[in-house]
Amino acid sequence: MITFKNVDDLFKSYGLKPHPIKNGQCFEYDFDNRFLGKKRNVATRVKPLVNGGVGGYLYVDHLEEFKNHPDKTKMGHYAIKHCKSVEELASLLEKVTHSYR
Numbered sequence: 121m122i123t124f125k126n127v128d129d130l131f132k133s134y135g136l137k138p139h140p141i142k143n144g145q146c147f148e149y150d151f152d153n154r155f156l157g158k159k160r161n162v163a164t165r166v167k168p169l170v171n172g173g174v175g176g177y178l179y180v181d182h183l184e185e186f187k188n189h190p191d192k193t194k195m196g197h198y199a200i201k202h203c204k205s206v207e208e209l210a211s212l213l214e215k216v217t218h219s220y221r
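Numbered per this note's numbering, the sequence shown spans residues 121 to 221.
Be aware that a few hints might be false.
Result set (DSSO-like, lysine-lysine): computed pairs, CA atoms no more than 30 Å apart in a straight line [what the hints assert, rightly or not]:
1. 125 <-> 142
2. 204 <-> 187
3. 194 <-> 158
4. 215 <-> 125
5. 204 <-> 137
6. 158 <-> 125
7. 132 <-> 204
8. 159 <-> 132
Think of the hints as simulated: they come from the structure by calculation, not from any bench.
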């Protein structure tokens with residue numbers, strides 16, 4: 121199971137900065153000076169769950185492999201819960217952040 125600490129450490133290792141939202145209930149992660157068009161957020165609504173896991177979404181709308189993916193939301197996000205391991209999440213995060221300039 122992926123924990124919030126795993127995700128937080130992984131995102132920070134890529135240079136992403138956490139920003140609390142919803143009165144500190146969850147976090148958004150973004151780059152200070154890298155954008156995808158005007159988009160800055162890489163992950164949103166990231167929060168620890170009661171069962172020890174993590175909830176939240178990665179922005180994947182710009183990735184070709186997610187063009188018609190059934191688990192992608194209408195806003196272009198993919199739930200972190202669909203990643204089965206930290207390694208799988210790291211691989212996806214590598215693809216996502218590569219497009220931010």
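Is residue 132 within 30 Å of residue 204, Cα to Cα? Holds. Residue 132 to residue 204 sits at ~20 Å (cutoff 30 Å).
Pair hint residue 215 and residue 125, alpha-carbon separation not exceeding 30 Å: Holds, because 21 Å separates the two Cα atoms, which is no more than 30 Å.
For residue 204 and residue 187, compute the direct alpha-carbon distance and say whether it is at most 30 Å. holds, 21 Å
Run the distance test for residue 204 versus residue 137: straight-line Cα separation, threshold 30 Å. Answer holds: residue 204 to residue 137 is near 24 Å, not above 30 Å.
Holds or violated: residue 158 with residue 125, Cα cutoff 30 Å? At roughly 28 Å apart (the allowed maximum being 30 Å), residue 125 and residue 158 satisfy the hint.
Given the proposed pairing of residue 159 with residue 132, does the C-alpha separation stay at or below 30 Å? Holds - the C-alpha atoms of residue 132 and residue 159 are around 18 Å apart, at most 30 Å.
Under the criterion that the straight-line Cα-Cα distance not exceed 30 Å, is the pair residue 194, residue 158 satisfied? holds, 18 Å
Does residue 142 lie within 30 Å of residue 125 when you go C-alpha to C-alpha? OK: residue 125 and residue 142 at ~19 Å, within 30 Å.
When held up to the earlier numbered hints, the structure conflicts with none and fits them all.
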